[in-house]
Amino acid sequence: MDRDDRRASFPTGCPVTRIGITGLSGAGKSTLITAIVNHLENARRGALKGQPGLAAIRHGRWQRESERAFDYDRALTALTGDPPHWPESTRDWSIARLTLDYDRRWYSLRPRRRCVELFDYPGEWLLDLTLLDWDYADYSRHWVDWLARYPRREIAPGLLDELSAIDPAAPVDEARLGALVERWSSMLADSRLPPHRLARNLPGRWLMPGGDFDPEAMPFLPLPAMLSSTETTWESGSWGAVCRAHFDYYRDRIARPFFESHFGRLDAQVILVDLLGALRSGQVALADTRAALESVLEPFRYRDEGWLSNLFQRRIRRVAIVVTQIDHLLPADQARLTRLLDSYLFELTQQLAGHEIELRLFAVSAVTAAQMREDARGEPMLVGVDKSSREKIAFTPPAIPEQMPHDLNLVIDDLPTLAPPTGLDRARTFPGRRVDALLDFLIGEH
Amino acid sequence: MSEKHPPGDGHLSTRIHAQGASVPDIDPDALYESEAGEAEGEGLLEPPRFPWLGVLLAAVAVSWLAINWLEGIHWGFGVHPGLGWAVLGIGAVIGATGIGLTVAAWRQRRRIDAITRLNRRLAEAERDAELGHSVVEMKQDAQRLLLGNPQREAFERHLRGIDAGSHAGELVAALEQGYAPLDEQARALIRREVVRTGLFIAASPWPAADLLLVAWRNARLVNAIARIYGLRLSLPARLRLYRMILQNMAFASATETVLDSASEGWASNLLLNLGARAGQGVAIALYSLRIGRQAMRAARIAPEHDPLVDRNLARLILAAIRERSAGAGRRSAGG
Numbered sequence: 361m362d363r364d365d366r367r368a369s370f371p372t373g374c375p376v377t378r379i380g381i382t383g384l385s386g387a388g389k390s391t392l393i394t395a396i397v398n399h400l401e402n403a404r405r406g407a408l409k410g411q412p413g414l415a416a417i418r419h420g421r422w423q424r425e426s427e428r429a430f431d432y433d434r435a436l437t438a439l440t441g442d443p444p445h446w447p448e449s450t451r452d453w454s455i456a457r458l459t460l461d462y463d464r465r466w467y468s469l470r471p472r473r474r475c476v477e478l479f480d481y482p483g484e485w486l487l488d489l490t491l492l493d494w495d496y497a498d499y500s501r502h503w504v505d506w507l508a509r510y511p512r513r514e515i516a517p518g519l520l521d522e523l524s525a526i527d528p529a530a531p532v533d534e535a536r537l538g539a540l541v542e543r544w545s546s547m548l549a550d551s552r553l554p555p556h557r558l559a560r561n562l563p564g565r566w567l568m569p570g571g572d573f574d575p576e577a578m579p580f581l582p583l584p585a586m587l588s589s590t591e592t593t594w595e596s597g598s599w600g601a602v603c604r605a606h607f608d609y610y611r612d613r614i615a616r617p618f619f620e621s622h623f624g625r626l627d628a629q630v631i632l633v634d635l636l637g638a639l640r641s642g643q644v645a646l647a648d649t650r651a652a653l654e655s656v657l658e659p660f661r662y663r664d665e666g667w668l669s670n671l672f673q674r675r676i677r678r679v680a681i682v683v684t685q686i687d688h689l690l691p692a693d694q695a696r697l698t699r700l701l702d703s704y705l706f707e708l709t710q711q712l713a714g715h716e717i718e719l720r721l722f723a724v725s726a727v728t729a730a731q732m733r734e735d736a737r738g739e740p741m742l743v744g745v746d747k748s749s750r751e752k753i754a755f756t757p758p759a760i761p762e763q764m765p766h767d768l769n770l771v772i773d774d775l776p777t778l779a780p781p782t783g784l785d786r787a788r789t790f791p792g793r794r795v796d797a798l799l800d801f802l803i804g805e806h
Numbered sequence: 127m128s129e130k131h132p133p134g135d136g137h138l139s140t141r142i143h144a145q146g147a148s149v150p151d152i153d154p155d156a157l158y159e160s161e162a163g164e165a166e167g168e169g170l171l172e173p174p175r176f177p178w179l180g181v182l183l184a185a186v187a188v189s190w191l192a193i194n195w196l197e198g199i200h201w202g203f204g205v206h207p208g209l210g211w212a213v214l215g216i217g218a219v220i221g222a223t224g225i226g227l228t229v230a231a232w233r234q235r236r237r238i239d240a241i242t243r244l245n246r247r248l249a250e251a252e253r254d255a256e257l258g259h260s261v262v263e264m265k266q267d268a269q270r271l272l273l274g275n276p277q278r279e280a281f282e283r284h285l286r287g288i289d290a291g292s293h294a295g296e297l298v299a300a301l302e303q304g305y306a307p308l309d310e311q312a313r314a315l316i317r318r319e320v321v322r323t324g325l326f327i328a329a330s331p332w333p334a335a336d337l338l339l340v341a342w343r344n345a346r347l348v349n350a351i352a353r354i355y356g357l358r359l360s361l362p363a364r365l366r367l368y369r370m371i372l373q374n375m376a377f378a379s380a381t382e383t384v385l386d387s388a389s390e391g392w393a394s395n396l397l398l399n400l401g402a403r404a405g406q407g408v409a410i411a412l413y414s415l416r417i418g419r420q421a422m423r424a425a426r427i428a429p430e431h432d433p434l435v436d437r438n439l440a441r442l443i444l445a446a447i448r449e450r451s452a453g454a455g456r457r458s459a460g461g
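Protein chains in written order, with our numbering: chain A, 361 to 806; chain B, 127 to 461.
Derived from the structure by calculation, the hints contain no laboratory data.
Please note that a few of the clues may not be correct.
Partial chain A-side listing against chain B, Cβ under 8 Å, derived [said to hold, decoys possible]:
| # | residue |
| --- | --- |
| 1 | 695 |
| 2 | 698 |
| 3 | 718 |
| 4 | 721 |
| 5 | 722 |
| 6 | 734 |
| 7 | 735 |
| 8 | 751 |
| 9 | 757 |
| 10 | 758 |
| 11 | 766 |
| 12 | 769 |
| 13 | 771 |
| 14 | 775 |
| 15 | 781 |
Anything over 12 Å on all C-beta distances counts as not near chain B; from chain A, calculated [stated by the list, open to error]:
| # | residue |
| --- | --- |
| 16 | 419 |
| 17 | 533 |
| 18 | 705 |
Just so you know, even glycine gets a beta-carbon here, dropped at the ideal spot from N, CA and C.
Given the sequences, and given the hints that come with them, work out the whole structure.
Structural data, given as C-alpha cells:
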C-alpha cells in the first residue's frame, strides 16, 4: 500500500501518528492492540482519565473501512465469546486505524483531530533485520553454530550431519531438498514451542510467511560444507548455487522491501517481550530471547551507519519495550517485573540510551485474566481459568527477584497460562494494567 | 511472601492451591472494580480549568479602574495640564507595578504546580525504570525549578552525573541527596512548631477559642517550610499551596493513615493520663504534623519514598508534649 492510499483512509488534514507494534509470536500483540483500541474507543467513558497527556481525548473511533485493517472484530469475537479465548496470532501485517477527537479550548492552536495507525506485524519478520547484513556464507556459519549447540542439537538430532553431508557443488536432489526443508520447518517450529521457546528462528518468514512469500517455493538451507571449501561459485543447479540464489532473493526481494516501505514512516515502536514465557522455560530461552531482541534493536543503536540505521532513525524517537501478562503475578511482583526486565536488558538499554531515542520499559496487562483472592491462611493468591485445560485454577505465583542473575539462571516452575476472563464487554474498558500509561508514552501530549 | 529470595538453583515455584470446581468463581465485575480503584492516585493535580469567573471579575475590575483613571486624567487636565500629566504618570506606574506583581505572583503559583507535576512524573518514571532523553529533560526541568533554592550548588553537584544513560531512579536519588539537609531543617522546624502548638492548646483554658491562633500558626509553619525549600510565596501561590495541602489531607494516603494509627495508641494513652485538654493538644499537634508533612511533599521535586515525617518523629513530638504537659500539670498541682 502506498502513501496515497494511507492518506485516503483518513480525513484530510488529520496529522497521523504511526506506531509499530511487534513481538515474537505469542507475546500478545493482537491482544494488546485490541486493548489499546478498546481503551481509545472508551475514552468518552473515562478510560484514559488517569493520564494527563491523554485527558484531552474526547472520543476515539476505530476505522473499519480501510485496506489491510487489523481485524478488531475478530479479536473482539474471540475475547467476548463464550468461552472467551485469546485473539489469534498475527500471521501477516495489518494496520489498526483510529481517529481521535480532542477537547480543545477555543483559542488552542493544537489539532482538534488526530489519527493513529497501529502497524502490527509478526516479530519474527523483525529477525530478518539480521539477515540484511549477512551473505549466504554468514547465514550458513551462524546456523552451523546454533545447530551444534544445546538445545537445537537435541531438537533436531542429526540434522547438522545431514546438512554437512551435502556437497555444495553437487546438483540439487529435489526429493532430498524437500525432505530436508520439512525437517528444517519442524526444527524451527519445535524451537519456538515450549519447553525451549527459542527466539532466533531465522529466516523470520519461514514459519510466518504472510501473503507475499511461500517458503517451499524458494527454499534455502545452510550448507556447512561450503564453510570449509575454498570454492565460492558453483555451477547453476547445484546445491550451493540454488540455496545462495534463494537466500539472496529472500533477503533482497522479501525482507528488505518490507523494512524500506514501512519503517521509515513509523513515529514510535512498541516491542513486546514474552519475559514470563521465557522465564517459564529458563536460562536458554532467556539467553535466546535476549539475543533476538539485541538483533532486532540493532538498527536503533548505531547512528549514521548504513541505510538501515538512517531508515529507523529518521523518525522513530520513542521505543517502548513491553512485558505483558503481569496479571499472572501478585501486585508487589508486578512492579518488580519492570526492574527485572531492566536488569535483563541492561546492556541493551544502556547502549540505546546514549542515542536520541526515548526508551521506556513497561510491564502491562492488556486484559487482566487473574483475580486476587485470599487463600485459607489469608495470604494473597490468584484465581483464573487455565488456558489449556479450561479449568479454574487457584495459585500463588512465586516472588520474583528485582535483578536478573547474570547467568540468567532463573526459572518459574508451574506458572499457569490463563484464558481471558468471561464477561468482557466492548462498551467498557477491558480490565487491564498500565495500558493507558503505555498510550500516554506513545501519543500523550505533554 | 514477596520478600523471599529465589532458591540457589534459580527455580521459583508456583504454589497451586486448587484446580477445577473447588476454585471460587471469578467475578468479572470485581476485575473492573479493581482496575477502577487503581486509577485513583494520591495528591493529584486537578485537571486545569479555565477560570471564567475570575477572569470576568478581573476584567470588570480592571475596566472600572481604567475608566476611573481616564476620568481622573480628564479631570486633571481640566484643572491644570501638569495635574493631568501627574495623574497619567502615577496611574501608569501603579498599573505597571500591578501588572508586574501579578505576573510574578502567578509565576510563583505556576511554579508550585510545576513542582507537583514533576514530582508525579518522577515517581512514574522511577516506577517504570525510565532512562534516556526523558531523564535529561526531567533533570533540566528540575534544575529550572531549583533556581531559587538555597542549596542550588549542592543540587548541581549531585545532578552533574545524570545523563541520558542514567535511570530516573538515579535522578531521584541525586535530588534526594540535595534535599537531605533541607529535609532535616524542615523536620526540626516541624518538631519545634508542632510541640509548641500542642502545648499551647494543652495549656489553653479555651482550646476551641484558640483554634484561630492555631490556624495562623499552621499557616506560618507552611510558609516557613516553603522558605526552607526556596519557594517564594505570593498570595495566589500561597492559596494554591494551602489548597493542595488541604486536599491531600482530605484524601489521606495509606502512609498517612499508618502515621495516624502509629500515634493513635499514644494519643489514647495521653487522653487517659492527662485529661481532655492535653488530649486536644495532642490531636491538634497531630493535625499540624500532617500539615507539615504535606507542605514538605508539596515543596519537593523528589517524590516521597519513606514518609518524610515518620512514626518516630510523631512519637518524639507526642512524648515531648506528654512530658511537658505532665510537668506543667504537676507544677500547677504542687503550686
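Query raised in the report: Does residue 771/A meet its interface restraint, that is, does its C-beta lie within less than 8 Å of any C-beta in chain B?
Result: OK, holds: residue 771/A within 8 Å of chain B, min 5 Å.
**Report entry** Interface restraint verdict for residue 775/A against chain B (beta-carbon cut-off 8 Å)
**Finding:** holds, 5 Å
Requested in this report: Go through the hint on residue 698/A and say holds or violated, using the shortest Cβ distance to chain B against 8 Å.
Outcome: holds, 5 Å
Query raised in the report: Can the hint on residue 718/A be confirmed by a CB-to-CB distance to chain B that is less than 8 Å?
Result: Holds - the Cβ of residue 718/A comes within 8 Å of chain B, reaching about 5 Å at its closest.
Query raised in the report: Does residue 758/A meet its interface restraint, that is, does its C-beta lie within less than 8 Å of any C-beta in chain B?
Result: At 4 Å from the nearest chain B Cβ, residue 758/A passes the 8 Å test, so the hint holds.
Query raised in the report: Can residue 721/A be said to touch chain B, with a Cβ gap under 8 Å?
Result: The hint holds - residue 721/A has a Cβ within 8 Å of chain B, the shortest such distance being about 5 Å.
Query - Given as non-interface: residue 705/A, which should sit over 12 Å from chain B by C-beta - result: Since the minimum Cβ distance to chain B is about 10 Å, residue 705/A lies within 12 Å and the statement is violated.
Query raised in the report: Can we keep the residue 722/A interface hint, with Cβ of chain B closer than 8 Å?
Result: Holds, about 6 Å.
Query - Hint check: 8 Å Cβ-Cβ cutoff, residue 695/A to chain B - result: holds, 6 Å
**Report entry** Agreement of hint residue 766/A with chain B interface, Cβ distance less than 8 Å
**Finding:** violated, 11 Å
Query raised in the report: Regarding the hint that residue 769/A lies at the interface with chain B, is the smallest CB-CB distance below 8 Å?
Result: This hint holds: residue 769/A lies near chain B, its Cβ roughly 4 Å from the closest one there, short of 8 Å.
Query raised in the report: Is it correct that the beta-carbon of residue 419/A has no partner in chain B closer than or equal to 12 Å?
Result: Nearest chain B Cβ is 17 Å from residue 419/A, so the label holds.
Violated hints for the displayed structure, listed by number in ascending order: 6, 11, 18.
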